[in-house]
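S.K.: Chain by chain, the residues:
Protein chains: 2
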Amino acid sequence: MPTGRAPEPTVLRLSIYLRCLRQVHAEGLDTISSAGIQERTGITAGQVRKDLSYFGEFGKPGLGYAVEPLLTRLSHIMQLDRPRKVVIVGAGNLGAALAGYQGLRSSIFSLVAAFDNNLSKIGRPLWDVEIKDVRELPRITQEQGVEIGIITTPAEAAQGVAELMAQGGIRSILNFSPTRIVSPQGTTIRNVDLMKELEVICFYLPKP
Amino acid sequence: MPTGRAPEPTVLRLSIYLRCLRQVHAEGLDTISSAGIQERTGITAGQVRKDLSYFGEFGKPGLGYAVEPLLTRLSHIMQLDRPRKVVIVGAGNLGAALAGYQGLRSSIFSLVAAFDNNLSKIGRPLWDVEIKDVRELPRITQEQGVEIGIITTPAEAAQGVAELMAQGGIRSILNFSPTRIVSPQGTTIRNVDLMKELEVICFYLPKP
Numbered sequence: 001m002p003t004g005r006a007p008e009p010t011v012l013r014l015s016i017y018l019r020c021l022r023q024v025h026a027e028g029l030d031t032i033s034s035a036g037i038q039e040r041t042g043i044t045a046g047q048v049r050k051d052l053s054y055f056g057e058f059g060k061p062g063l064g065y066a067v068e069p070l071l072t073r074l075s076h077i078m079q080l081d082r083p084r085k086v087v088i089v090g091a092g093n094l095g096a097a098l099a100g101y102q103g104l105r106s107s108i109f110s111l112v113a114a115f116d117n118n119l120s121k122i123g124r125p126l127w128d129v130e131i132k133d134v135r136e137l138p139r140i141t142q143e144q145g146v147e148i149g150i151i152t153t154p155a156e157a158a159q160g161v162a163e164l165m166a167q168g169g170i171r172s173i174l175n176f177s178p179t180r181i182v183s184p185q186g187t188t189i190r191n192v193d194l195m196k197e198l199e200v201i202c203f204y205l206p207k208p
Numbered sequence: 001m002p003t004g005r006a007p008e009p010t011v012l013r014l015s016i017y018l019r020c021l022r023q024v025h026a027e028g029l030d031t032i033s034s035a036g037i038q039e040r041t042g043i044t045a046g047q048v049r050k051d052l053s054y055f056g057e058f059g060k061p062g063l064g065y066a067v068e069p070l071l072t073r074l075s076h077i078m079q080l081d082r083p084r085k086v087v088i089v090g091a092g093n094l095g096a097a098l099a100g101y102q103g104l105r106s107s108i109f110s111l112v113a114a115f116d117n118n119l120s121k122i123g124r125p126l127w128d129v130e131i132k133d134v135r136e137l138p139r140i141t142q143e144q145g146v147e148i149g150i151i152t153t154p155a156e157a158a159q160g161v162a163e164l165m166a167q168g169g170i171r172s173i174l175n176f177s178p179t180r181i182v183s184p185q186g187t188t189i190r191n192v193d194l195m196k197e198l199e200v201i202c203f204y205l206p207k208p
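Chain order of the listed sequences is A and B.
In terms of my numbering, the numbers along the first sequence are unbroken and rise by one, the last being 208.
In terms of my numbering, the numbers along the second sequence are unbroken and rise by one, the last being 208.
Don't take every hint at face value.
Same chains, same names: a pair is fine if it fits in one copy or spans any two.
List time: in silico DSSO-like cross-link candidates among lysine-lysine, alpha-carbon distance up to 30 Å [what the hints assert, rightly or not]: (1) K196 to K50; (2) K60 to K196; (3) K121 to K85; (4) K196 to K85.
If you are wondering where the hints come from, they were derived from the structure by calculation, not from laboratory data.
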């Protein structure tokens, strides 16, 4: 069974199964086979069976997986079965895009504040939250019990922001700034590199 | 050897090796061992050796991989060894964030135009390109030989934009809109789900 340090590819697949199961559930299906999951996700039925077998006996021979119990179990494993408070630091285009992202407004996540160091932005609204001075971050995130921080600052500010987040009790950081940062003690950082996606699709361009 | 339809996890790992090798090269190192790649990427040395063995004999016993030839070869495999023209459709916050992304301005990719259907945006600049009417997309991308399209529109516009891109000769599409879209004939679509990253980091939050 995956631990808190399960290999990233496994965690990414769990996240994909979860999305697939949510969709299947929304369509009103009670069961889905590993072949059905393959069809919807592109992950082979063998890999699906192997991954899901870690979490108990959900498959019924000839019927497939019972959707609802598996969905509940996977949400629990992924720790997505309770609300999570989020802050965004960097109220530029990307910060505004993420703050307005509809997934962030219809899910377990709630955005409690945005932060910037630019005096012309502080005090203004970003969608339905107020942009606050980044120096207030540790106090506010401590007080509100914020667990997740999203960094959308320029590269040179990112490491300092991560340190402030750690001071403020944040334990997981999603870094969209175009630099890799080092995890402050007690935090997990996920560096999201938007260029990587662009490089990956080049692989799929027609061969000359 | 991976084909145009190599499994996505393999392609993602190639992209990670490439980034690692670029960094190592920038640091002036001539060789790196599979253990060194593991240390920098978190991918096990065994997996690294297995993946790279597809591409020929780069490893020297006791010395590791010669960085420069491997970098050249991997760039070629990933089709990242020549310039690629890109357009962005949807000149909102996310489109503006991506258009300004520094990786898109210091790489093989060049942004040739941005498009929108909002009359108040058409004709205005987005960083150093002009926002054009999305109805002009097929003509412009044909004329300029654009290969890659990035969709940053609202969900309901995304499928129609993908069809226009296909008409305009675009072969690879990166979809950031919050919906999955179906690939028009002759195109490969990569759906980028920013919420997925948020879900994945929840897995790494401290267990209660």
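S.K.: Could you run down the list of hints and mark each one as holding or not?
M.R.: A quick look at each hint next to the structure:
no.: 1; hint: K196 to K50; result: both (28 Å within a copy, 22 Å between copies)
no.: 2; hint: K60 to K196; result: between (39 Å within a copy, 29 Å between copies)
no.: 3; hint: K121 to K85; result: within (22 Å within a copy, 34 Å between copies)
no.: 4; hint: K196 to K85; result: both (28 Å within a copy, 16 Å between copies)
Checked against the numbered hints above, the structure breaks none of them.
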